Amino acid sequence: MNFLKVMYLILLLLFIFPSQSFGELITDKLIVDANAKYKMFAKNRFEAIRKELLNGLKDKTDIEKLEAVNDWYNFMQYKSDQQVYGMSDYWATLYEFVGKGMGDCEDYTIAKYYTLKELGIDPNRMKFTYVVYKSRSGQNISHMVLAYLKVPRPKSKEDILILGNINQRVLPASRRPDIVKVVKMINGDTGAQSKKWKQLDFDMKRKKL
Amino acid sequence: MTLFKQMALAISLIIVLLLATVMGINYQSAKKDMIQSLYETTVNNISTLTTKLAEASSDSAILVSTIDAEFDSGYYKMIDFKSNDGKSDYMQIDNKPVKDVPLWFVNFTAIDLPPVSADVSSGWDMIGVVSVASDTGVVYRALYKMFIKLSYLFVVFLGIALLILYALLHFILKPLYRVQSQAEAILRNEFIIQEKVPFTTEFKDVVKGMNAMVTKVEEIFRKGNEAAQRNKELLYNDPTTKLFNRRYLMLKLPDLIKLENKANGGTIMFIALSGAEVLNQALGRRKADDMFLEIANGFNEITQKFNDKVLARVNGTEFTLMLPDCESDEASDIARRINRRFDKLIKEHNLNPEDITISIGLYKYKPAVSIPDLLTRADNALSHAKADDMDNTYLYEEKDDEHALGKEQWREIIEESISNNYFSLKFWPTFNAKTKQINHKVMTFTIDGGTDKKYFYGDFIAPAINLGLVSKMYIVALKDLITERHEELDGSTCSIRLSNEFIKDAKAYNELSSLFEKYAKTLKFKLSFEVSDSFAIHNTLAVKEYVNLFLRYGIGFGINSFTGESSDFTYLKQLTPTFLKADCAFLLDQSQDSMGALQVVTDSLGIEIIATFVKNEEELNKLFAMHINSVQGPVTDSIS
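Note that the protein sequences, when read in sequence, are chains A and B.
Mapping to our numbering: the first sequence position 169 is 162, numbers consecutive.
Mapping to our numbering: the second sequence position 221 is 211, numbers consecutive.
Don't read these hints as lab results, they were simulated from the structure.
As the structure is a prediction and not an experimental result, all values here were calculated from the model.
Glycine is no exception: its CB is placed at the ideal position from the N, C-alpha and C atoms.
Careful: at least some of the hints might be erroneous.
Simulated restraints on C-beta separations [to be verified]:
1) 31/B / 20/A: 33 to 41 Å
2) 178/A / 105/B: 24 to 32 Å
3) 30/A / 2/B: 26 to 34 Å
4) 100/B / 186/A: 22 to 30 Å
5) 100/B / 143/A: 31 to 39 Å
6) 130/A / 100/B: 43 to 51 Å
7) 97/B / 51/A: 47 to 55 Å
8) 29/A / 2/B: 49 to 57 Å
9) 52/A / 30/B: 40 to 48 Å
10) 41/B / 70/A: 36 to 44 Å
11) 77/B / 130/A: 13 to 21 Å
12) 29/A / 8/B: 54 to 62 Å
Quick list of in silico lysine-lysine cross-link-like pairs, PhoX-like style, CA-CA up to 25 Å [to be verified]:
13) 200/A / 22/A
14) 189/A / 534/B
15) 86/B / 72/A
16) 86/B / 30/A
17) 191/A / 431/B
18) 194/B / 206/B
19) 42/B / 177/A
20) 22/B / 200/A
21) 22/B / 86/B
22) 22/B / 72/B
23) 431/B / 534/B
24) 188/A / 534/B
25) 72/B / 201/A
26) 127/A / 135/B
27) 200/A / 431/B
28) 198/A / 72/B
29) 86/B / 189/A
Residues of chain A clear of chain B, computed beta-carbon distances all greater than 10 Å [as the list claims (entries may be wrong)]:
30) 47
31) 49
32) 117
33) 145
34) 165
35) 189
Bound-form chain A, shown alone (with noise of 0.2 Å):
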């Protein structure tokens, strides 16, 4: 019997165990690299992740993780695309985003997903999803917020909680009228793999800061 555990952690560790991540998320040559690109601000950034999400959450809750990244994230500073990478449409890594310490809301969506994915939350329970915002202005903005369903198969809005930029307080959906409309919802990396998803993970895997 004891044999039969041993061959299973094996395949466990040799199968599974590296399909469902990519490595530590956050390393020392990381830290290091991050440092020599974009100096010590970004390189204490990531020792915070490391220490204050990564480490420090570990045993807690999954709603407590999810409003502690979801705070620690939304601290950084709202740019557009057009602004930092002098296009209309970039996914940043996490590790572009923290390091150039700016982003916009879909950069923000990407950094907490791979973080909330690394401390154990479900990834398919984590959707990008395109909605439109109205702001307190009136005006409706097209928007990207991470919805977290908090039951497999959700009933109603109550079992949808929102991690959105904007508004900063991970609230469920039916708490955010300023959500008027859901375009669409899709999977993180354990969905289809879409043009600018596959580029996405293959600039995630080799740390593209």
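Could you slot chain B onto chain A? The hints should help.
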């Protein structure tokens, strides 16, 4: 280029063309199918997209979100929406270069898939036009992967096809290789009959034809050889004793005197029998002839160890034994043995030893002696022997020149010449007198080590043989010839007369081999070597080894000092020389029949006869009449 290579090249080209065409068609067809498939997918996508956009048209934010969501979830190069009122225009475009595919392949493939456009309408309202361009990167990547696979396959198929082709051609052309070997052997004047007749009809006919040709030529050689043998016996042999006659002796003497040997000369013996009439009366003509034959056989046995000897019956009662390289002590011993043998014969035939006697005159000559002096002094020695009642043998010995150098002095000179290369090379032309072209140049060398150290080849060869330095001396001279530039040899052939001592030395063979190995390919002239006829006859196997070495490096080979000594020319067939040099006097002395027979032999073996020591125009014209055009000797001065 060999036939095998030509065929292999032609068939390889066809295989390459075929494979390339098949793979090219395959590639083109795949490309066309992929583009068509991509186009159809785009049409399907645009159809769905127009419906979604129509639903989102009420709000530009929803429109943008819809386009973003669609663009991010699929494989698009561009989604461009142009509203009719111009207020909600939005475009998502990806201009990044194609990933994982080299640029040259992208340029080479050049997929041109124009965007597909469709109207977006809601009810009766025409809202705008959406254009969609699918991401062609997918096609590039798929085609590139296919291209790589096809290239691997191409290489593998080509490799296998060439291997099969090689084996097949090798098998089919096997008989042709045998035909080629036979043809090469014919060119080398070797007679090889191909026993294995090929299966292929054309090759079979060729082999049969070549076999027939070789058989005929061999037959011609055999007949020529037999005729030459008969004529030689008639011309140069004593019919009773089978010894040579005076005519042959006189022809051969100049060569024998000059023969290179360690004795620095040799011994000539005149043996005269007195009482021949008594012998004839006592035994009868026939038995007397038998006794003469026994005497001759005795001479042969006693002088067996001398290779270059000539034993001749110069008249009814006189014999001459010409023994080059025979010292006086050895000669005296031979004389004693001849006496003993003769006494025994007299006893056996119950004859009176006082009635029938022999006298032996010996003359130990030096190479510088002239023919008349040689004969006169030997004759004087014989007269002394006849006149002496006590001793029937008389030795007349040429004393060494008082000023002659001693052995150790020669050693010093030759060794110094070897270490400092004092050898000075000289080249003498051999002409084709008809075309006035140089046939080849014969190399000889002298010692030139300063004013007091000048010696001719004839001066130092005997001491060199005595001291065992011939091979070393030759190697130094040959190295000079091969490694130093001799402009006068450019484009011509240089022939070197190899000393017998050199060929006998096993070390010399290895040194010559390594010289050829290093330098034969870089030579600016053609090399050729000569050995003496007499040596080739008695050492055919050793000479054959040299001939094989020469063949390996494309070096020519010839025979010099040919005097028809052997009664069988088979050694010529074995050695296949390209030329045969004979003294002009010997050639002119030949009867028409014997010359004809000799020429049949040489023609059947592809050997050119070259006359040496041709002195004047008169001799030259006589040689022309015998169809001998290549000459060497004083006459070449007037030709050049």
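Now for the hints, and whether the structure bears them out:
{"no.": "1", "hint": "31/B / 20/A: 33 to 41 Å", "verdict": "holds (40 Å)"}
{"no.": "2", "hint": "178/A / 105/B: 24 to 32 Å", "verdict": "holds (28 Å)"}
{"no.": "3", "hint": "30/A / 2/B: 26 to 34 Å", "verdict": "violated (55 Å)"}
{"no.": "4", "hint": "100/B / 186/A: 22 to 30 Å", "verdict": "holds (27 Å)"}
{"no.": "5", "hint": "100/B / 143/A: 31 to 39 Å", "verdict": "violated (52 Å)"}
{"no.": "6", "hint": "130/A / 100/B: 43 to 51 Å", "verdict": "holds (49 Å)"}
{"no.": "7", "hint": "97/B / 51/A: 47 to 55 Å", "verdict": "holds (52 Å)"}
{"no.": "8", "hint": "29/A / 2/B: 49 to 57 Å", "verdict": "holds (56 Å)"}
{"no.": "9", "hint": "52/A / 30/B: 40 to 48 Å", "verdict": "violated (53 Å)"}
{"no.": "10", "hint": "41/B / 70/A: 36 to 44 Å", "verdict": "holds (38 Å)"}
{"no.": "11", "hint": "77/B / 130/A: 13 to 21 Å", "verdict": "holds (18 Å)"}
{"no.": "12", "hint": "29/A / 8/B: 54 to 62 Å", "verdict": "holds (56 Å)"}
{"no.": "13", "hint": "200/A / 22/A", "verdict": "holds (10 Å)"}
{"no.": "14", "hint": "189/A / 534/B", "verdict": "violated (83 Å)"}
{"no.": "15", "hint": "86/B / 72/A", "verdict": "holds (22 Å)"}
{"no.": "16", "hint": "86/B / 30/A", "verdict": "holds (24 Å)"}
{"no.": "17", "hint": "191/A / 431/B", "verdict": "violated (83 Å)"}
{"no.": "18", "hint": "194/B / 206/B", "verdict": "holds (18 Å)"}
{"no.": "19", "hint": "42/B / 177/A", "verdict": "holds (11 Å)"}
{"no.": "20", "hint": "22/B / 200/A", "verdict": "violated (38 Å)"}
{"no.": "21", "hint": "22/B / 86/B", "verdict": "holds (24 Å)"}
{"no.": "22", "hint": "22/B / 72/B", "verdict": "violated (30 Å)"}
{"no.": "23", "hint": "431/B / 534/B", "verdict": "holds (23 Å)"}
{"no.": "24", "hint": "188/A / 534/B", "verdict": "violated (81 Å)"}
{"no.": "25", "hint": "72/B / 201/A", "verdict": "violated (35 Å)"}
{"no.": "26", "hint": "127/A / 135/B", "verdict": "violated (47 Å)"}
{"no.": "27", "hint": "200/A / 431/B", "verdict": "violated (82 Å)"}
{"no.": "28", "hint": "198/A / 72/B", "verdict": "violated (37 Å)"}
{"no.": "29", "hint": "86/B / 189/A", "verdict": "holds (12 Å)"}
{"no.": "30", "hint": "47", "verdict": "holds (27 Å)"}
{"no.": "31", "hint": "49", "verdict": "holds (32 Å)"}
{"no.": "32", "hint": "117", "verdict": "holds (16 Å)"}
{"no.": "33", "hint": "145", "verdict": "holds (21 Å)"}
{"no.": "34", "hint": "165", "verdict": "holds (21 Å)"}
{"no.": "35", "hint": "189", "verdict": "violated (5 Å)"}
The structure fails hints 3, 5, 9, 14, 17, 20, 22, 24, 25, 26, 27, 28, 35 (numbered hints given earlier, in ascending order).
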